[in-house]
Amino acid sequence: SQQGEEDPQALSIQEGENATMNCSYKTSINNLQWYRQNSGRGLVHLILIRSNEREKHSGRLRVTLDTSKKSSSLLITASRAADTASYFCATASPNTGNQFYFGTGTSLTVIP
Amino acid sequence: DAGVTQSPTHLIKTRGQQVTLRCSPKSGHDTVSWYQQALGQGPQFIFQYYEEEERQRGNFPDRFSGHQFPNYSSELNVNALLLGDSALYLCASSPGLAGALGNEQFFGPGTRLTVL
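Chains as they are written, first to last, in the working numbering: chain A, 128 to 239; chain B, 400 to 515.
The set of hints was computed from the structure by calculation and includes no laboratory data. These numbers were taken from a predicted model, which means no experiment stands behind them. Where is the CB? At the ideal position from N, CA and C, for every residue including glycine. Keep in mind that a hint or two might mislead.
As the list claims (entries may be wrong) - With the C-beta cut set under 10 Å, the calculated list includes, among others, these residues of chain A facing chain B:
id, residue
1, Gly131
2, Glu133
3, Gly169
4, Leu175
5, Thr191
6, Cys216
7, Ala217
8, Tyr228
9, Thr231
Just chain A, same shape as in the assembly:
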């Protein structure tokens, strides 16, 4: 499977702590995107990182990409209860027709 795989599957932290989730994939990519999904609803785009980029920031979000290890990480700093959601990475690869492949997600719970 070309799917990205998020790790951990579930994460529970206290409000104010940082949350880190990881994504691994199997083939070379054009870009990688992170999404958030609140229970059973549509996905919200968080951040896109291209294969020639190593790090991007957006507000409290920091994404890194290591193409040599075929992995990415999403860091949410100073977490809030509203950050409680599932987080998915999606990869697009020229080797697979540039379709987007999503992982199974990390379920984040931020305890107030």
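With chain A fixed as given, assemble chain B onto it according to the hints.
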């Protein structure tokens, strides 16, 4: 600026029936992709439409078909429904082919399909 809209929100069908789901892309977007998301899983790519043609297709049977209209809106049709087709169906739009160009995809709220 309206985002991606989908209709209906919920739908209940019985096995063997046919269903049509609809999607209007975000203003300025010309590409629509459809995804199926089973409970507890990540979205699975069904197909992508650009310039009224299917450009990419995931590993889904021919029972799943689609259409894109000149105004860029799109329909997903599923024939001969199976119990396993019960899922959240998500539509995403982008300016051009998102995967190749590295463009962001914007998702709609989804249609929850239940097959009894």
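Against the structure, the hints come out as follows:
no.: 1; hint: Gly131; verdict: holds, 8 Å
no.: 2; hint: Glu133; verdict: holds, 8 Å
no.: 3; hint: Gly169; verdict: holds, 4 Å
no.: 4; hint: Leu175; verdict: holds, 6 Å
no.: 5; hint: Thr191; verdict: violated, 17 Å
no.: 6; hint: Cys216; verdict: holds, 9 Å
no.: 7; hint: Ala217; verdict: holds, 8 Å
no.: 8; hint: Tyr228; verdict: holds, 7 Å
no.: 9; hint: Thr231; verdict: holds, 5 Å
Checked against the numbered hints above, the structure violates only hint 5.
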